[in-house]
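Q: Each chain, letter by letter, is given below.
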Amino acid sequence: MIDTVYFEEEVLQHPTATRVRKALPKANWVPINRFQELFNIRNQNFRIQKKNPALILAKKFENFVLPVPSGFGMNSTKNFYFSHMYNCLYDCDYCFLQGLYSSANYVLFVNYEDFFEHISQTIEKNKNDSQMFFSGYDCDSLAFDKISGFSDQLLQFFEKYQNVEVELRTKSIVTNSLRKRPAIKNCIIAFSLSPTKIAKKLDNKAPSIKRRIKAMKQLADCGWLIGLRFDPLIYTNDWKVQYSELICEIMTQINVSSIHSVSYGLLRFPKRMYKKISNLHNTTGLFAFPLDNNNGVTSYGKEIESEMYHFIQQELQHYLPTNKIFHCTG
Amino acid sequence: MPPERLNFLSKDISGDSSIYLTCWVIALRAEATPIIKFLQLKNINTQSSFTIYANEGLGHALIISGVGAIKSAAATAFLKAYFNIKNYAAWINLGIAGYYTEPVGKLYQAIKVFSPVHQRTFFPGFRFSKIIPGTSLLTVDKAETNYDNPVLYDMEAFGFCEVASAFSCNELIFVFKIVSDTPENPIKKLKSSIIEDLINVNLRDIKELLSEINKLSEQEIKRLKIPDEVIEIENSIHFSKTNSFKLRQLYKKWKFANPRKTLKDLHFSKKKAKEIINILEDNISSHKKNRDYL
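Chains as they are written, first to last, in the working numbering: chain A, 1 to 330; chain B, 1 to 294.
Everything labelled a hint here was simulated from the structure, so no lab data went into it. On a predicted model such as this, the values are computed, not experimentally measured, just so you know. The C-beta atom is built at its ideal place from N, Cα and C for all residues, glycine as well. Where hints are given, some of them may not hold.
[Said to hold, decoys possible] Simulated pairs of lysine-lysine, DSSO-like, Cα-Cα distance not exceeding 27 Å:
| # | chain 1 | residue 1 | chain 2 | residue 2 |
| --- | --- | --- | --- | --- |
| 1 | A | Lys-51 | B | Lys-222 |
| 2 | B | Lys-215 | B | Lys-241 |
| 3 | A | Lys-200 | B | Lys-246 |
| 4 | B | Lys-288 | A | Lys-50 |
| 5 | B | Lys-289 | A | Lys-197 |
| 6 | B | Lys-106 | A | Lys-271 |
| 7 | A | Lys-205 | B | Lys-37 |
| 8 | B | Lys-106 | B | Lys-37 |
| 9 | A | Lys-26 | A | Lys-205 |
| 10 | A | Lys-197 | B | Lys-222 |
| 11 | B | Lys-106 | A | Lys-51 |
[Claimed, not checked] Which chain B residues stay away from chain A? Per the calculated CB distances, all over 10 Å, these:
| # | residue |
| --- | --- |
| 12 | Thr-121 |
| 13 | Phe-123 |
| 14 | Ser-129 |
| 15 | Lys-130 |
| 16 | Ala-143 |
| 17 | Lys-188 |
| 18 | Thr-242 |
| 19 | Leu-294 |
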């Protein structure tokens, strides 16, 4: 449970802040000027902070909607992402947020209305293109929802734009609020998945794969479109068996018609980010693997990458048409 | 060996027993005395105006800074330099403080430290909210008598944070304050014996805090400490800064793959830095596909 909430004094009266106050009645509330004075402190220790992150309530002023990195999108011509929150409740060893931010504290931007305003403008500006919006790039889309109430407002907003797709990426099994409402056909609930053995080791604090699959099935049964995200693919000595079993388990439980898309991508980091993250982890096996550096990107290297891509692609094609399968490189 | 009652502070670190893992910066002797007694610290002759106490076996060092932020900053820097304190040590500023409300004697962790003079803020320390409450603190130039804001008032924490945060990560910098005066119990009444009592009645919580701080420092040691066998090689063969960094990174990977081996098994004698790096790289890469990295 979050014990401390730092809040920008300006946002205290915002309805989102009121909601958070109700959700966290026992927390210690500490006023700050701007979130950066706390979030961007030099010489923070992400790993120690991650043991007990605080919540920072802030107002966002710019960069509400951004184009996704190249290689990240799927079928749409124009792909954008937005981040109402920085950092995640879970603590996955491979998470790039450890390298992106120096703080493990959660930042929640309370002014959702400004996000929606900017998304509207973006939709209008690109109305002649197919568009997809991604939530869950800098956080988990649903894990914090009981406190933030973000997804409910987001779905109400996107209901009005049936020709635009929105993806909520998550590892969370807190799907009650979604199941209580009618499914929205332009919304994809995309689950990040790894084989059980890998997830047990690396997806710290996240729900088990079994429970994620169960949550997916419940949502699919309620009519929601599901996304499967095998990203990052993790190499181990028996990865073929593990991924094959995982894909089989999912496909036997989820009806193919409920699956909007599947994407996969290998473990990859910008070189400097990898250096930062691996310095945070002393003993984790993931960072003991001798990764390659090519063009500023640290990854498993061409040989392993090629082998994994081909295998995963083939496995997925046993169950799905190729137009639903996407190779993510961004 | 520490006595049994101090076992909770024993260091789970192999080798170097002279490491000071916990450094105390305390303004007044009356505030320091209970800690000196509790941790069985011995006076160190520094031949300077600073008074230092230490217990090498327990890994604790304490400096009496005197009153004020500048003195606190100077004392923190002196202690760091005097013992060559490493970057995985925890730093603690303990003392008394004014507060806007009762009760006197309550221990707080200052999680926000602000200086009205400098108009700057620190957010020190991993928060131990399960042990003691956290609150904001103002470091002021003169003892506060109005208590206008719902915060603690002290005269040192800002100076301490400014310097200590350059030595260790922010999560290992701690400010703990015990309420000594409030609007109902103003500062004029304070005597040394009362101050000692205020610290003494909180020793149980302080002990619990130290146990948790010790765990954090140990975690940092495991991450940051350079293994003895790596230091040995770096001392015997010339490594440039870049090669030294490479060696240390490669060593971690090599050790993961070869937990029972030592570098001596690779017969590095008479080799150059680059050759050593190549051998380690080859060793790590061979069989990489067959190893279980989980």
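Q: Hint by hint, note whether the structure agrees.
A: Okay, the hints, checked on the actual structure:
1. The hinted pair formed by Lys-51/A and Lys-222/B meets the criterion: a straight-line CA distance of about 17 Å does not exceed 27 Å.
2. Distance restraint check for Lys-215/B and Lys-241/B: the Cα-Cα separation of roughly 31 Å exceeds the 27 Å cut-off, and the hinted pair is therefore not satisfied.
3. Restraint check for Lys-200/A and Lys-246/B: not satisfied, since their Cα atoms lie roughly 31 Å apart, outside the 27 Å limit.
4. Distance hint between Lys-288/B and Lys-50/A is unfulfilled; the C-alpha atoms sit about 30 Å from each other, more than 27 Å.
5. About 17 Å separates the Cα atoms of Lys-289/B and Lys-197/A, which keeps this hinted pair within 27 Å; it holds.
6. Taken as a hint, the Lys-106/B and Lys-271/A pair is broken in the structure, with Cα atoms around 48 Å apart against an allowance of 27 Å.
7. Taking the CA atoms of Lys-205/A and Lys-37/B, the gap is about 42 Å. The hint is violated against a cut of 27 Å.
8. For the proposed pair Lys-106/B and Lys-37/B, the alpha carbon gap of about 21 Å is at most 27 Å, so the pair holds.
9. Among the hinted pairs, Lys-26/A with Lys-205/A is consistent with the structure: their alpha-carbon atoms are about 22 Å apart, no more than 27 Å.
10. For the suggested pair Lys-197/A and Lys-222/B, the alpha carbons sit about 26 Å apart, so the restraint of at most 27 Å is met.
11. About 25 Å separates the Cα atoms of Lys-106/B and Lys-51/A, which keeps this hinted pair within 27 Å; it holds.
12. Not every Cβ of chain A is farther than 10 Å from the Cβ of Thr-121/B; the closest lies at roughly 6 Å, contradicting the non-interface assignment.
13. Listed as outside the interface, Phe-123/B is inconsistent with that label: its C-beta sits roughly 5 Å from the nearest C-beta of chain A, within the 10 Å cut-off.
14. The non-interface label for Ser-129/B is inconsistent with chain A: the shortest C-beta to C-beta separation is roughly 4 Å, within 10 Å.
15. Lys-130/B, annotated as away from the interface, has a beta carbon of chain A within 10 Å; the closest lies near 8 Å.
16. The non-interface label for Ala-143/B is consistent with chain A: the shortest C-beta to C-beta separation is roughly 24 Å, beyond 10 Å.
17. For Lys-188/B, the shortest C-beta to C-beta distance to chain A comes to about 30 Å, beyond the 10 Å cut-off, and the non-interface label holds.
18. With a minimum CB-CB distance of about 13 Å to chain A, Thr-242/B clears the 10 Å threshold, and the non-interface call stands.
19. Not every CB of chain A lies more than 10 Å from the CB of Leu-294/B, the least distance being 4 Å, so the non-interface label is violated.
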